[in-house]
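Here is how the chains run, residue by residue.
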Amino acid sequence: MPNKKREFLALIQENKRPIFKICNAYCRNREDREDLAQEIVYQLWRSEHTYDAGYKFSTWMYRVALNVAISFYRSHTNIGSMVSFDDCANDVENAVAEDTEYENEAEKNRQLLYRLIGELKELDRMLILLFLEAKSYKEIAEIAGITETNVATRINRIKEKLKQQITYSNN
Amino acid sequence: MQDDYLMKIWQVNDSQADHFLEIDEPAFEKLQHEKAKSQLHKLIVPKLTGILLGLGWIAFMILLISLSLRYSPVSSGKIFFIGSLGVIAVTTAVAVFLYVRDLYTIRQIGNDDSVVAIQHKLAELQCSVIRSVRIMWLQLPFYTTWYLNYDMLLHGSLLFRIVQFLVTGGAVWLSVWLFRNIRYENRHKKRVWGFMRGYGFSSVSRAMEFMDEIEHFKAQPEDVKR
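From first to last, the protein sequence lines are chains W and B.
Per this note's numbering, the first sequence starts with residue 1, numbered consecutively.
Per this note's numbering, the second sequence starts with residue 1, numbered consecutively.
Please note that the accuracy of each hint is not assured.
What the hints assert, rightly or not - As a list, the in silico SDA-like pairs of lysine to any residue whose alpha-carbon atoms are at most 20 Å apart: (1) W:K161 with W:N150; (2) W:K56 with W:E148; (3) W:K163 with W:A152; (4) W:K161 with B:S205; (5) B:K8 with W:E148; (6) W:K121 with B:Q2; (7) W:K159 with B:Q2; (8) W:K159 with B:L6.
In short, the hints are calculated from the structure, not lab data.
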């Protein structure tokens, strides 16, 4: 058992970047982000027996993590205890607007991208997050549970919207 | 702007991830302990509360019926009393059974199925409370009949009989109307959901909206382009 736990924690360390991205996409408040990360780790551990080695580990991990993140986001916004995404988005927006010392254009765009992603509905947010994580349409379809064509169409629309908004904000 | 550009922006400042989620074994043990304690998910707590309250109410009805049978003489009034309380107990039992079934379903849901499937199941479970609510409303008229007896109905004053008829008739109308209208298919009817929201069912309403969103999300957009 200790070995199993050690292996699991090592696996989490290897995959903490996607978990970090998911947490960032679904909550911007640091405390909530940490809460969500812990919840994801715990649920991954609990669901570990459902992993079928015949499939890609990342598909299974994203399914669990995104399900936990969406449920977490929905339950917290419902009870209103979490700083809402809009509030967070405003924080970021203000920071971007006021922060004249922002020398790093890329960092500014990153903040903007996060803000724009934060404005998407939770299911669209999942699609663009998986796309930006360079997942294939096939894998995204498996994670989301919709057809590949549907994934492609929706991602195209979201991308266009994001590009337009980024271009508009930068001009 | 190319897709690569969006991806590049997305990758910026990933170094923050290095300091994220640093969990060693003792910290993980602690996390497991804390999470196991808080396993009573938000979906479970309201249903468990409903089950406990329902069982308490059923026990109270049974107690009243048995006390009535044991200590008071047999009379025509007992038919109304026992009948009304009996119906209330039975409808409450049906609602409790539905809650217990939901709890069983919640335990069966993992997180490893596709996001759309799991989120749909969860939203559906959140909405399932309306099934129990519909059934509970059916008992409303019986709260207006438990104290009656034949004597009151046959020989009571005209005013009493008119008022009783209006009250019970109104309760029957309201309970049937709510039973027929409180359902997922009527989620867009303002009259029904305005009423439900007033009784603290806004989270159910939000779950229904999310179910609509999921249905829309699953549907193939018309202008497919790859």
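Hints, one by one, checked against the model:
1. W:K161 with W:N150: Holds, at about 17 Å.
2. W:K56 with W:E148: At roughly 17 Å apart (the allowed maximum being 20 Å), E148 of chain W and K56 of chain W satisfy the hint.
3. W:K163 with W:A152: Satisfied, since the Cα-Cα distance of roughly 16 Å is no more than 20 Å.
4. W:K161 with B:S205: 29 Å, violated
5. B:K8 with W:E148: Given pair K8 of chain B, E148 of chain W is violated - Cα atoms ~24 Å apart, limit 20 Å.
6. W:K121 with B:Q2: Outside the cut-off at roughly 23 Å; violated.
7. W:K159 with B:Q2: 10 Å, holds
8. W:K159 with B:L6: 8 Å, holds
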